[in-house]
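Student: Position chain B relative to chain A; hints supplied.
Protein chains: 2
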Amino acid sequence: MSLIISIDAMGGDHGTDSTIPAALDCLRENSALHLIMVGDKNILEPLLKQALIDFSERLSIQHASECVAMDESPAKALRNKKDSSMRVAINLVKDGRADACVSAGNTGALMATARFVLKMIPGIDRPAIMSSMPSIYGHTHVLDLGANVDSSAENLFQFAVMGNEVVKALENTAEPKVGLLNIGEEETKGNEQVKAAAKLLENSALNYIGYVEGNSLNAGDEKVDLIVCDGFVGNIALKSIEGAAKMITSVLKESFAKNWLTKAAAIISYPVLKAIKNRIDPRLHNGASFLGLKGLVIKSHGGADSLAFKTAIHVAIVEVDKNVIQKISEQVEIALTQREKI
Amino acid sequence: MSLIISIDAMGGDHGTDSTIPAALDCLRENSALHLIMVGDKNILEPLLKQALIDFSERLSIQHASECVAMDESPAKALRNKKDSSMRVAINLVKDGRADACVSAGNTGALMATARFVLKMIPGIDRPAIMSSMPSIYGHTHVLDLGANVDSSAENLFQFAVMGNEVVKALENTAEPKVGLLNIGEEETKGNEQVKAAAKLLENSALNYIGYVEGNSLNAGDEKVDLIVCDGFVGNIALKSIEGAAKMITSVLKESFAKNWLTKAAAIISYPVLKAIKNRIDPRLHNGASFLGLKGLVIKSHGGADSLAFKTAIHVAIVEVDKNVIQKISEQVEIALTQREKI
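Protein chains in written order, with my numbering: chain A, 5 to 346; chain B, 5 to 346.
This is chain A alone, in the form it adopts within the complex (with noise of 0.2 Å):
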């Protein structure tokens, strides 16, 4: 079985500088890996001179003469940029000649050029942002992040039953805990688009536990494996959890900073504060995937620096490696069969 991914080097804030490594210290780690980095031939050639020759037959270069700017709408990015890195890296998932696409570039030209490129599976609506974020439990995965808002109950459970193929992939897990996200676990709490969609959650083949409310996500009362949430609630969720995390890594800075005696407590508590450091670092749930799509594609944070976009890379190894896409298809078919026969 092939194993070849497209990179879009020249994509996030740090380009080249975190792609690059990051790719690099992938092919030593997975002799079967392929990868083919997408960009401009004069920059990466240079760049990529030795590695082209210690891993002549895995690594390779293709040209992609533009570059999509981090801040660039997403409609002049599809309509102009046609030799862009984003898009010729997912013209060869379109191919077949690569499995996946990892890009850290901008989300919404990423999301539109990937949508118009490859086309929607049937059966599926609209396509969704998944990703995992630390919980007290290890991770919970949580989709819809930010492709949709106004989401239908039907869309909810299509990304529900999208959901739960990747986090049977990346977590070997047979029957995922699927929850909704809601303001309260009562059977009457929520909007119409949430009650609905607990209805059909209900009656699919999903493991549904129903309700879950926002601290589930990182810290609720039992593990859920899978949070399922319309896109405008799930960005919104994604980015305060970001907020308070800063808020109080800031103040932990601050108060370890204040004087002589608590900066020795710094010096002291350092291998306890790189512990919890490395615990929640968000470098280590970096790689979220467009769901919905007839080819898999993989987002790296525009931030994101060589250890990160390694982990986007990995995310695309393991769908690739167990099929997610096929997987999706087929359950998005059983699951559309089940609901005419109901």
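These are calculated hints, taken from the structure and not from any lab test. Small disclaimer: the values here were computed from a predicted structure and weren't measured. Check each hint, because a few of them may be wrong.
If several chains are the same, the list does not tell them apart, and a pair holds so long as it fits within one copy or across any two.
[As the list claims (entries may be wrong)] Here are the simulated DSS-like cross-link-like pairs (lysine-lysine), alpha carbons at most 30 Å apart as the crow flies:
| id | residue 1 | residue 2 |
| --- | --- | --- |
| 1 | Lys-172 | Lys-45 |
| 2 | Lys-262 | Lys-227 |
| 3 | Lys-203 | Lys-86 |
| 4 | Lys-203 | Lys-281 |
| 5 | Lys-227 | Lys-267 |
Tutor: Then chain B, alone, in the frame of chain A:
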């Protein structure tokens, strides 16, 4: 000017264990304050025996034979518990015998009862729940935190007008910075309600600064005084932040308890850890205002201890002192008159 507050003495997980010490502390600290403790007089009288002598002019008991359970359905509580401590405390506000009421009871029942008894301010379509949360800049006020789902643009606009008056009162600031919670700062982002609400806010007299993202609740790039959102979104953001804080605290505890070396580090770092805890202590942000009603109702967290309950009473004191209800009514009228002119 009078300053009489009715206290639902029986509400919350800890009932009189929290409400009585908090009430007595407030009476000691504020010689203008009068409190009416509402609940079963057979329980309250023995507990308040000495206090009724010490504060004979400023403390009284109002008997209420029933109590709303924390998990009781709001509709049932409203229909069947007409002599509950919660209901009687609200009745005192309605009858003009108290200027505000504070309860740690069941949120849904408190909102339903308050709305039924006090009625809405003319021009306000829906009540909202508003609270503050810690941020790197001090704190941020947010509404709605869960009174509503599916708020319209007009609802969001009304929340902003009401919240603005509360922030002015609590923060002693003339022109609070008002932000609208969204999934991006660009004009094209968001759902239809949020986009339409932005138009209303741009054309208002409020100091509207535009869209803010979830991270602005705790740690945005810029200080925001008031963040406006739909209750479904606000509640999930609030709970997500609680979960994130709980996860980080739990990782901190676990990491510091690992071995004798880390335990020693914890002892040395104790003052720092204590300072951090104080800085983000949710008890110091207790006391949510129910806005849109013709009377002041402050909701304390159900699990509040006496310090937290005291913070909630303090919110009531300031809002009475600053005449918030009157100001909201005036501003709503002004805003609606302006609207008609346009």
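Student: Hint by hint, say whether it matches the structure.
Tutor: Status of the hints after comparison with the structure:
1. Lys-172 to Lys-45: neither (38 Å within a copy, 58 Å between copies)
2. Lys-262 to Lys-227: For Lys-262 and Lys-227, the Cα distance is within 30 Å only across copies (23 Å; inside one copy 38 Å).
3. Lys-203 to Lys-86: neither (43 Å within a copy, 35 Å between copies)
4. Lys-203 to Lys-281: neither (40 Å within a copy, 41 Å between copies)
5. Lys-227 to Lys-267: Between copies, since 28 Å is at most 30 Å while 37 Å is not.
Hints 1, 3 and 4, counting from the list given before, are not met by this structure.
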